[in-house]
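Chemist: Residues per chain are reported as follows:
Protein chains: 2
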Amino acid sequence: MNYHTSKPETESAIDRSIPDFPGAEPIDEKNYFSANKPPPYLSEIEDQIKDFIEVHVKSGKRVVLVTSGGTTVPLENNTVRFIDNFSAGTRGATSAEYFLENGYAVIFLHREFSLLPYSRHYSHTTNCFLDYMIEENGKVEINPQFSDKMLTVLRKYNNAKNSKSLLLIPFTTVNQYLFTLRSCSTLLEKLSTKALFYLAAAVSDFFLPMSRLPQHKIQSQATGKLVVDLEQVPKFLSRLVDDWAPRAMIVSFKLETDDNILISKAKGALEKYQHQLVIGNLLQTRKREVVFVTLDNEDWIRLSDDQAEKAMEIEELIIPKVIEQHDSWINRN
Amino acid sequence: MNYHTSKPETESAIDRSIPDFPGAEPIDEKNYFSANKPPPYLSEIEDQIKDFIEVHVKSGKRVVLVTSGGTTVPLENNTVRFIDNFSAGTRGATSAEYFLENGYAVIFLHREFSLLPYSRHYSHTTNCFLDYMIEENGKVEINPQFSDKMLTVLRKYNNAKNSKSLLLIPFTTVNQYLFTLRSCSTLLEKLSTKALFYLAAAVSDFFLPMSRLPQHKIQSQATGKLVVDLEQVPKFLSRLVDDWAPRAMIVSFKLETDDNILISKAKGALEKYQHQLVIGNLLQTRKREVVFVTLDNEDWIRLSDDQAEKAMEIEELIIPKVIEQHDSWINRN
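Chains as they are written, first to last, in the working numbering: chain A, 1 to 333; chain B, 1 to 333.
Do not rely on the hints blindly, as some may be mistaken.
To be verified - Which stretches of chain B does chain A cover? Using the computed rule of at least three CB atoms under 8 Å from a CB of chain A, they are:
(1) 148-161
(2) 225-231
What the hints assert, rightly or not - Capping the alpha-carbon separation at 27 Å, the derived lysine-lysine pairs in DSSO-like fashion look like this:
(3) A:Lys164 <-> B:Lys139
(4) A:Lys267 <-> B:Lys225
(5) B:Lys225 <-> A:Lys139
(6) A:Lys161 <-> B:Lys149
(7) A:Lys272 <-> B:Lys149
Quick caveat, the hints were computed from the structure, so don't treat them as lab data. For each residue, glycine too, the CB sits at the ideal point set by N, CA and C.
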């Protein structure tokens, strides 16, 4: 779980069990954190975040919280089935690298086993980890075909590690995500305007309150039907803007599949939550174009055909533009 | 997608879009394959399977189809949300290795990005691929701390690759799984009793028929509620036993969280589908004990404290016992 641990572990660090939930009142953004239980490991993570922020209060670096990957909604207490949001974590992991290269320290709050900065170049391939290796004189070596690129990536990774500029924090369920986001936010308030929130995670809109979770795996009924009756996840962006980190700059994402509603949904979010920037994108074209939406402006960012052909990543264009706006935010406040 | 491809690819080989679905009649095991469209890549996979079976008709090896990981049920046509079954693919990936070590050829039908035989020892760690590497004199090398074990694993992997004994076939949705299972089964019938089915995948019981899939991402309503009304996935085990591969031996798995119903559910499946063996396991204890259930017997297999302490994998006990039963099946038929 900690980026600075040297020995890779083979088991998940996240406890998949769900704590008991006492009541059955309707859940909103005011009672969510009293009505739901924090993940058992939260205080351990808070300590890591505090240490990380201390390092960068001293280093003088700006700190960005990048959220990445999809949250799950368990449908059973002993979880066999869950609802998930499609997200490999490409946007978040790629963006984190460009923030690091632009001098930011990064807290990477990510869905466990989704793409990570740097390792993303080698994980989640359709082939196998071991295809990068060969045996040479009774020793495992990196296949020379891959070793040049791997050296470049390894150096960047070690640079982030050695300068303590990257902290990896995992989540799986939407409940774990919300508790951890709140902890991060209130701790990052210490950095005032130098804190940036880059909320690229795909957070569930709907969930099943703990009070209504069945204990065991749902059994097929004779009728052959299953009806899952979900409630809306409270929206916490206004709490983040108003209470948790009011001096930080906040960037949220809006992913749609219907291009007719993208801009209006983005503007709706800005009006409702009063934060600084929404980056809109369509599922179908999200790797080639995004739109920066503010209350009075829409600014499309697109890879040119030439850039797309060279496999340039659109995050290389997005991050400098976000940083420009963060510059202004710091200067204005 | 193909095990024999040398160059790792960074993008998914699976097309995530869902073909149009014409009608809205109720779906059962008789009309499923006419009412739903096959994945566009299916014929390519069938060619790979045919080639693989040809190799092992000649090599004389038995062939086991191991299914592994969970299937998804998309809730939207342009998929943002889906229901998933919790499964990392540990049982399947580990079992595949022990089948290979016991002389079987393995078709590994797995959820894309779930654990794979051999690479599982290094993927899905809570740390990073790059933690296994160091820079030494301007070259990337394997960290000596990990190189001995990695050499052992790499040799086994290369052995499977060079003897063409392992074919990796991915799926994501339950529809992709069902079409591919049918193709595998009918092709494996050529091997008669020497084919074994080891169905360890966590297949969804419920799905949303394509005719009722909304085109775009489901929007939050003012009521704040979302009701997902799912139908039962038709059961295909009887088709497999009766029609697709009637001479093969078939082993299915039953995962429950409630130990009071495990045995009765396993026996119920045997009576209903008339196959040879159900391996029962409980979510909570699945890595330490399983139960082999036949119509007249229950045989618990457990790791001893000593074995558990040495981190022995229970699949090392399971696979030889399954192979014993496959021996008898071949001799009897």
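Chemist: Look at each hint and say if it fits the structure.
Modeler: Against the structure, the hints come out as follows:
Coverage of the region 148-161 of chain B by chain A holds in this model, with 7 residues showing a Cβ closer than 8 Å to a Cβ of that chain against a need of three. Counting residues of the region 225-231 of chain B whose CB lies closer than 8 Å to any CB of chain A gives 7, so the stated coverage by that chain holds, three being the minimum. Restraint check for A:Lys164 and B:Lys139: satisfied, since their Cα atoms lie roughly 23 Å apart, inside the 27 Å limit. For the suggested pair A:Lys267 and B:Lys225, the alpha carbons sit about 23 Å apart, so the restraint of at most 27 Å is met.
Restraint check for B:Lys225 and A:Lys139: the C-alpha separation of about 58 Å exceeds 27 Å, so the hint is violated. With a CA separation close to 25 Å, the supplied pair A:Lys161 and B:Lys149 stays within the 27 Å bound. In summary, the hint linking A:Lys272 to B:Lys149 is not supported, as the alpha carbons are separated by about 55 Å, beyond the 27 Å threshold.
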